[in-house]
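Protein chains in written order, with my numbering: chain A, 3 to 308; chain B, 3 to 308; chain C, 3 to 308.
Derived from the structure by calculation, the hints contain no laboratory data.
Some hints could be false.
[Unchecked claim] Only pairs whose alpha carbons sit at most 30 Å apart, straight line, appear in this in silico DSBU-like list of lysine-lysine:
1) B:K84 / C:K84
2) A:K250 / A:K240
3) A:K84 / B:K84
4) A:K84 / C:K113
5) C:K113 / C:K84
6) C:K162 / A:K250
7) C:K240 / C:K162
8) A:K113 / B:K84
Keep in mind the model is a prediction, meaning the values are calculated, not measured.
Each chain, letter by letter, is given below.
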Amino acid sequence: MRQDHLISATQLSRADIEAVLDRAAEIDADPAAWGDAHGRAVLGLCFFEPSTRTKMSFDTAIKRLGGTTTDMGSVDSSSVKKGESLADTVRVVEGYADALVLRHPSEGAAKMAAEFVDVPVINAGDGAGQHPSQTLLDLYTIRENVGLDDLSIGIMGDLKYGRTVHSLAEALTNFDVRQHFISPESLRLPRGVRFDLHQSGAQVREHTELEGVLPDLDVLYVTRIQRERFPDENEYEKVAGEYQIDTKTLEAAADDLAVMHPLPRVDEIDPAVDGTDHATYFEQAHNGVPVRMALLDYLLSEEVDQ
Amino acid sequence: MRQDHLISATQLSRADIEAVLDRAAEIDADPAAWGDAHGRAVLGLCFFEPSTRTKMSFDTAIKRLGGTTTDMGSVDSSSVKKGESLADTVRVVEGYADALVLRHPSEGAAKMAAEFVDVPVINAGDGAGQHPSQTLLDLYTIRENVGLDDLSIGIMGDLKYGRTVHSLAEALTNFDVRQHFISPESLRLPRGVRFDLHQSGAQVREHTELEGVLPDLDVLYVTRIQRERFPDENEYEKVAGEYQIDTKTLEAAADDLAVMHPLPRVDEIDPAVDGTDHATYFEQAHNGVPVRMALLDYLLSEEVDQ
Amino acid sequence: MRQDHLISATQLSRADIEAVLDRAAEIDADPAAWGDAHGRAVLGLCFFEPSTRTKMSFDTAIKRLGGTTTDMGSVDSSSVKKGESLADTVRVVEGYADALVLRHPSEGAAKMAAEFVDVPVINAGDGAGQHPSQTLLDLYTIRENVGLDDLSIGIMGDLKYGRTVHSLAEALTNFDVRQHFISPESLRLPRGVRFDLHQSGAQVREHTELEGVLPDLDVLYVTRIQRERFPDENEYEKVAGEYQIDTKTLEAAADDLAVMHPLPRVDEIDPAVDGTDHATYFEQAHNGVPVRMALLDYLLSEEVDQ
Numbered sequence: 003m004r005q006d007h008l009i010s011a012t013q014l015s016r017a018d019i020e021a022v023l024d025r026a027a028e029i030d031a032d033p034a035a036w037g038d039a040h041g042r043a044v045l046g047l048c049f050f051e052p053s054t055r056t057k058m059s060f061d062t063a064i065k066r067l068g069g070t071t072t073d074m075g076s077v078d079s080s081s082v083k084k085g086e087s088l089a090d091t092v093r094v095v096e097g098y099a100d101a102l103v104l105r106h107p108s109e110g111a112a113k114m115a116a117e118f119v120d121v122p123v124i125n126a127g128d129g130a131g132q133h134p135s136q137t138l139l140d141l142y143t144i145r146e147n148v149g150l151d152d153l154s155i156g157i158m159g160d161l162k163y164g165r166t167v168h169s170l171a172e173a174l175t176n177f178d179v180r181q182h183f184i185s186p187e188s189l190r191l192p193r194g195v196r197f198d199l200h201q202s203g204a205q206v207r208e209h210t211e212l213e214g215v216l217p218d219l220d221v222l223y224v225t226r227i228q229r230e231r232f233p234d235e236n237e238y239e240k241v242a243g244e245y246q247i248d249t250k251t252l253e254a255a256a257d258d259l260a261v262m263h264p265l266p267r268v269d270e271i272d273p274a275v276d277g278t279d280h281a282t283y284f285e286q287a288h289n290g291v292p293v294r295m296a297l298l299d300y301l302l303s304e305e306v307d308q
Numbered sequence: 003m004r005q006d007h008l009i010s011a012t013q014l015s016r017a018d019i020e021a022v023l024d025r026a027a028e029i030d031a032d033p034a035a036w037g038d039a040h041g042r043a044v045l046g047l048c049f050f051e052p053s054t055r056t057k058m059s060f061d062t063a064i065k066r067l068g069g070t071t072t073d074m075g076s077v078d079s080s081s082v083k084k085g086e087s088l089a090d091t092v093r094v095v096e097g098y099a100d101a102l103v104l105r106h107p108s109e110g111a112a113k114m115a116a117e118f119v120d121v122p123v124i125n126a127g128d129g130a131g132q133h134p135s136q137t138l139l140d141l142y143t144i145r146e147n148v149g150l151d152d153l154s155i156g157i158m159g160d161l162k163y164g165r166t167v168h169s170l171a172e173a174l175t176n177f178d179v180r181q182h183f184i185s186p187e188s189l190r191l192p193r194g195v196r197f198d199l200h201q202s203g204a205q206v207r208e209h210t211e212l213e214g215v216l217p218d219l220d221v222l223y224v225t226r227i228q229r230e231r232f233p234d235e236n237e238y239e240k241v242a243g244e245y246q247i248d249t250k251t252l253e254a255a256a257d258d259l260a261v262m263h264p265l266p267r268v269d270e271i272d273p274a275v276d277g278t279d280h281a282t283y284f285e286q287a288h289n290g291v292p293v294r295m296a297l298l299d300y301l302l303s304e305e306v307d308q
Numbered sequence: 003m004r005q006d007h008l009i010s011a012t013q014l015s016r017a018d019i020e021a022v023l024d025r026a027a028e029i030d031a032d033p034a035a036w037g038d039a040h041g042r043a044v045l046g047l048c049f050f051e052p053s054t055r056t057k058m059s060f061d062t063a064i065k066r067l068g069g070t071t072t073d074m075g076s077v078d079s080s081s082v083k084k085g086e087s088l089a090d091t092v093r094v095v096e097g098y099a100d101a102l103v104l105r106h107p108s109e110g111a112a113k114m115a116a117e118f119v120d121v122p123v124i125n126a127g128d129g130a131g132q133h134p135s136q137t138l139l140d141l142y143t144i145r146e147n148v149g150l151d152d153l154s155i156g157i158m159g160d161l162k163y164g165r166t167v168h169s170l171a172e173a174l175t176n177f178d179v180r181q182h183f184i185s186p187e188s189l190r191l192p193r194g195v196r197f198d199l200h201q202s203g204a205q206v207r208e209h210t211e212l213e214g215v216l217p218d219l220d221v222l223y224v225t226r227i228q229r230e231r232f233p234d235e236n237e238y239e240k241v242a243g244e245y246q247i248d249t250k251t252l253e254a255a256a257d258d259l260a261v262m263h264p265l266p267r268v269d270e271i272d273p274a275v276d277g278t279d280h281a282t283y284f285e286q287a288h289n290g291v292p293v294r295m296a297l298l299d300y301l302l303s304e305e306v307d308q
């Protein structure tokens, strides 16, 4: 990649994405061969919000490359509670680590952090903004299952607050993909994302119901209605429980439809779907390791070259 | 061991137990020789309840075998707070780790988890249920100090809620051991455990006072009255403070009586006992490392063979 | 060093300090050469209070020496919550680790812990008491920037509650240093520390304003007014915001004045100072790694010799 940091999916060209995905496939084919690729590298984990899979898969990824992590810990047990600014925190941690992974509740936090430090910064989620390493593993999962060309994808659920959706939709504009967005009116894709997609010439359609479009889809990407993103509990209750998938729903789907979900799910996908060939979400979660290994390999190798 | 998972002490035969204990003794004799035994292995730590010694000793054990850990963190900083099911969490984490250690407040949680994942699951405590790796280190400590045959052991304190007691009592039925259970009436061993012991032909007696039986004991295993297991604070207050051990109590004991405790203790054993030859509880805690190294060695080696 | 533990800066002779600082300089010059110096060493992290930089830099330090850590986690997720004493906790953890790093809210905690365990204990802050590894990195930063002889240093801010100040002031008595203490009357250096300094023949002066002394200083060491140390919120409000540094303040300073701060800062130093040559606080934070590597190297090497 041409960049030193990974802040947004929008910074990634098709060639960038394919380079990471090809490297991830190499790693996936023979993980043990990469066990010393970045021995002694220290990855700084700065998570200002809860995380399980993103944090654990970055943690595992650097360790499977021979490196290790140093973890800021939760906000409650860190200097942040003493009133330290984000700019100060990341400038301190860059002294300990060879690269930083940052999750923060404020949109733009990773971009700001990257302006203050010299080591690579990876945005692991900034509020309702971006989550580009999630996008890379989503793209990898799509490519491994149904390919990234001549693809029809449905993206459903919380399109307003779901940062994984925003990153994915923008990255997909690099490929020959028809994007169908399915959500209640109140959770439509934000105007800014829609504008960017149209500017990129993306093939986009919006729907309020899954039924009409389901049979045409190669991938159905379901997202959680994130309670914590709602300023208003009533608004949450109104849409929670809609847009759920079960085996009955999927009777109308193509046999090889891949159902994806960034996880965690609450009740968007019925557990009965787990046993079907459609279920691709656990494989998707597991792809976090080879894809993040590939990403770290790129960013840390660049670092060495400087 | 014949098993892929370690869920309950009841699944362990005498041969299984002796295999792990022999391996632990080998490791204890020359720990440095095991420093690369499982290089690059990643152990997933899923602790849904607080833990110090179990978590730290598993963490240390895998690291002293050349491996490393990836830690789910506290429940508050994980996806669990977003409403994710245990089955989903463990299926995600199995993609990152070569084996899982699980502690959970619900009895049966580890058994359920093991049904969902392919990597070995170690039960590190499921509510008032089982805690079998604690049992292995308890057995190792007993064997190293007084041997496991022709043994008289007193198990005292909270026998109703103490999961370490349930696991230990059942494992001891594999050996020639007389088990004396000493507790207030309200904290007797649960009916189900008593039934299992009698079915196994165990030599069991119950007491409400230590005095009569103390002189005959080779081991006195003291447990904490666990406040957090009591539904009712009054019930707790009534028994707290009873069944305490001090140097005066021990005057009636055999010279080589080993006093054990799974720790943490509050006031069940007076600190003055620490300086006596009876005190075996810190050695017991330290044995967590070689015993868990041995256990991990067995489970991870089986994994490789598959 | 002659000691097995590092509890207080007062235990360090000039020769001790110079030995660690020289070793840190060696490490700084070629960190990669130390990557296997303490392979397999396990450092136990026992932080009973929040920490970012101390914990992360010890964590990074042992890892850059080839070792690893095992972390007690926060007090809320540990046995401490179950009522375990500090003496018990450290005696358990010493069974897992080759050395312990301890932070605790009670003054004297590390000294007490060291009496109970055989592995080296490093005091990483005990209430308003000592924080000697911070002192070593402070001294290293001063030596690298302006030298430790014929030095004028101003130490400003919260001199009453700031443990880094107490440790630093006492260590500086080993060198030819003029110490100027600048604080409001209510935050003066405690009587005990002043007494110790006078006993050591230190060259000490106290001021309530920076203005008069600033032009003479080689180093200005600014500390945070720590809200959490104040028993009374009104008292805090009265002094908060005083003793702030900005670029205008520094116009009267020598060109090569080094401004230091143990961090985190809240508003004691204006961010505009970050871009000036005076700003030495991020370098100071980063020096935590080589200095703690040097410290660990000494303590762990002694351990091996025993």
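Taken at face value, is the distance from the CA of K250 of chain A to the CA of K162 of chain C at most 30 Å? Roughly 69 Å between the alpha carbons, so the hint for K162 of chain C and K250 of chain A is violated.
Are the Cα positions of K113 of chain A and K84 of chain B separated by 30 Å at most? Holds. K113 of chain A to K84 of chain B sits at ~26 Å (cutoff 30 Å).
With the threshold set at 30 Å, check whether the alpha-carbon distance from K113 of chain C to K84 of chain C stays at or below it. holds, 23 Å
Is it true that the CA of K240 of chain C sits at most 30 Å from the CA of K162 of chain C? Status holds; Cα separation ~15 Å.
Starting from K84 of chain A, check that the Cα of K113 of chain C is at most 30 Å away, please. Roughly 26 Å separates the two Cα atoms, so the pair holds.
Pair hint outcome, K250 of chain A versus K240 of chain A [Cα-Cα no greater than 30 Å]: holds, 23 Å
Check the hint pairing K84 of chain A with K84 of chain B against an upper bound of 30 Å on the C-alpha distance. holds, 27 Å
For a C-alpha distance cap of 30 Å, please report whether K84 of chain B and K84 of chain C respect it. holds, 27 Å
When each numbered hint is compared with the structure, a violation occurs for hint 6 only.
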